[in-house]
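Peer 1: Given the coordinates of chain U, work out where chain L should sit on it, guided by the hints.
Those protein sequence lines, which keep their order, are chains U and L.
Residues are numbered in my numbering as their position in the first sequence, beginning at 1, plus a constant of 34.
Residues are numbered in my numbering as their position in the second sequence, beginning at 1, plus a constant of 617.
Everything labelled a hint here was simulated from the structure, so no lab data went into it.
Certain hints may be false.
[Said to hold, decoys possible] For each label pair, taking beta carbons as the anchor points, the in silico distance ranges come out as:
| id | chain 1 | residue 1 | chain 2 | residue 2 | range |
| --- | --- | --- | --- | --- | --- |
| 1 | L | K644 | U | P69 | 22 to 32 angstroms |
| 2 | U | D109 | L | D952 | 36 to 46 angstroms |
| 3 | L | D745 | U | P69 | 19 to 29 angstroms |
[Stated by the list, open to error] Partial pick of chain L residues on the chain U-facing surface, computed with a CB cut under 10 angstroms:
| id | residue |
| --- | --- |
| 4 | G686 |
| 5 | P688 |
| 6 | N744 |
| 7 | V761 |
| 8 | E765 |
| 9 | T823 |
| 10 | K824 |
| 11 | N827 |
| 12 | L828 |
| 13 | C838 |
| 14 | L842 |
| 15 | P920 |
| 16 | M921 |
| 17 | I926 |
| 18 | M936 |
For glycine and all other residues, C-beta sits at the position ideal for the given N, C-alpha and C.
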Amino acid sequence: MAKIKKKIKTIKVDLDKCNGCRACEVICSAFHANPKYSSNNPERSRIRMVRHPIKDVYVPLYAGEYTPAECMGRDKYVIDGKEYDECGFCRAACPSRTLFHEPDSGLPLKCDMCEDDPPQEKPLCVQWCLNDALIYEEREEEVEEEEKQEDIDLALESLVDKYGMQKLMDTVARRSQKSETST
Amino acid sequence: MRYGETGFNLEIDLTRGNVERVETDPKLTELHLGGLGTNTKILWDRVPPEREPFSPDNPLIFSSGLLCGTPATGANRTIVSTISPQTLLMGYSMMGGFWAPELKYAGYDKVIFRGKSPDLVYVWIHNDKVEIRDASHLKGKGAVETAELIKQELKDPNIQVAAIGLAGENRVYTASIEQGRSSASRLGVGAVMGDKGIKAIAVRGTKDINLARPAEFIGLCNDVLKYIKLREEHPVPGVMTILQGLGSPQEMKHFDEEWHTQNFMWGNARTRRKDFWNKEVEQKWRETQETVRTRLISCYNCPMKCGAIISVPGISTYMMKCFSKLTYTMAAYSDLDFGFKIAQRATEYGVDGFSTPQIMAFAFELKEAGILTDADFEGCPSDNEGKFYWLLDRIVRREGIGDILADGTHWAAQKIGKGAEEYAHNNIKKHEQLPLKLGMLNPVYFLMYATGEKINITQIEGQFPQSPFPTVEEREDFCKDWIQVPDEKFKKYLMDWEMRGERSNPYYPTVDMSVDIVDWQEMMHYIDDALGVCAGLSSFPLKPPYHIHNYPHLISSATGIDMDEEGLRQIYKRNRTFLRAFNVRRGLRRADEKPPEDHWKKRFPELEEKLLDAYYKFKGWNNDGIPTKETLQELDLGYVAEDFEKRGIIKNGQD
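One chain only, chain U, in its complex shape (with noise of 0.2 angstroms):
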């Protein structure tokens, strides 16, 4: 199987520095607007700020996935003896709280890294972030290329979860009609 490189993009956020602004939510939020800049509301950002000052709770948490169910159970971290969030360091866009949900459609938001057009050289978050909360490195992996069975098959059965198995069985022969047609 041939290799190919990854990079891999990563944002390392110290907590001791944060000084608890929200200047991230703030370009967040008003890079993604559209058209670019031509609003601003954190409520809309990929990256929040959890943050309870008197616990001295600072936290930069970034959208990650969509998640259609909540989890089995909630986590509750204590770290250095202070005890943060349920969930306080979780990224997923959940059904149970409204954290990373657009505030009127609430459709999921998940941060891209500023990958959206014109792409950033670095997330515009960490280049708002004076204080070096957020340090954005970059490096490349190799890694295998290859097509996992399972993810055929997880795409698969999402597919029939939402259309179910008679409309897909019909569409993925009517594809592949076409496809014979046009070839």
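Peer 2: For chain L alone, kept in the frame of chain U given last:
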């Protein structure tokens, strides 16, 4: 669509329990921008001069600034305006933190209260939903505690709460409104909030703030950030540590307090301790600060770290900013450990950290002088720190002597009599000032202290160095990248300013130069206060990222209003003159424009009169400090002139 602002105010009548969302006139934004500018307009229209501060008809306005909620760094100020119970003039106080942007995201530029609630309430603003809720369970609770309880009750940690403590509930004239890491402390705005029966205002907003020319605006914001970075890397040399960088004086960051402890006065603004600071004190204070300071923190959308979370073992956590660290310490001749401890209680009570320690030191001085008696202090412990805690508790509860002291040193002295007035020696326009006593009169500072409508030097000064640089090389060095000057002449003023000789204080800067310099300093503050931008990034520090040259572009690209430097200057003049006119209608005159007698050891009565004459003339006011008809008309304030004429404040055909 409105840009920069939401275009709506929330009008809340507490007597009737009525809430209205009212669209504002865009013309007023063009004339006054927002924040303090439009607050003054509202108060002018609604408050006749005889209105008492505790009348139900005294409005209490919580305003955002025009740029709050946009990506402009440091645009986070809440401007609270009402009639001050202490000065009986327009009470003007501001706070940073997170409240104003949240209000904008909820869809409002201002919240305007009128009336009085029969019971203690808190107001819950969540986008279009606004509720007046019972707060009987919060009665007597601390300001920080109240904010936490409300966030729990409403189950959302992202709610921003502005709250009063016991002092506000009891209408103490130095009561503050606490919020985030900030507070609107000066001039008794917390007392008016308490009088209206409002314990807190909780806000949560999830709407957009729109920008007129987004790409241009964000480019300017990026330039501001770049400049902040540059300034952080290049502190201004040749000035004291706390004035080298941006932000408010970095009291939470720095440990070196030699300058404050040896130049500011201890006790009731009385005693200078020239030999106080030494290695031993420095070591001890450093340890104290490092032990209690958990984290350096900022306000909304600002990279500075002017505040800190303070956790003193054994007492609950609070947030502190700037100079309160030393006000209690120095009033009580105590140390920093005491300062951090008593400030926690004072923050929960919600009191002004400048005035309140002075009131207490004033009271103990009166006791020593035999003007107040042992009977007034019955039950007061004898140890130095204990007695300050005791008196603070009496003041915020208005118990015994505390009831008299709760009105501030001016009114307390009037009530106490027996020569107590001599001890209320550090006031301007009835308001306690920083405990600073100096040698030689500085003409620029004389004017700012005397004429400032805000009656608080930190909200008037800035931009121009407080003292001359000793050498020509240092002056040249300072001037070479001084891009903020509105005019090149200011560089010449600084270049020629000497420590001694003919071109030194008090006769240099000359009268006219002093007026020029003050006008620049005032201009930047008035613009900031209309935009809601923190003085710490603009009007207060040396070489700030915001200035008269980039502000017009920021305002224009955010709002779509055509704006150049001349236009912005005109708005500044209008807003500054309007605030003066409001206070003139309430009786303010030249005779009130007096810094404390002992502020400088060397005074120059003749020069001081000349300075005032020139300042008024420059502003287009008459010799009594009253804006002339012509000036008012030039500033589109013809209706103010008409009102003045009707009341006989100015006479037709005369200045």
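Peer 1: Okay, which hints does this one fail, numbers in order?
Peer 2: Structure breaks no hint.
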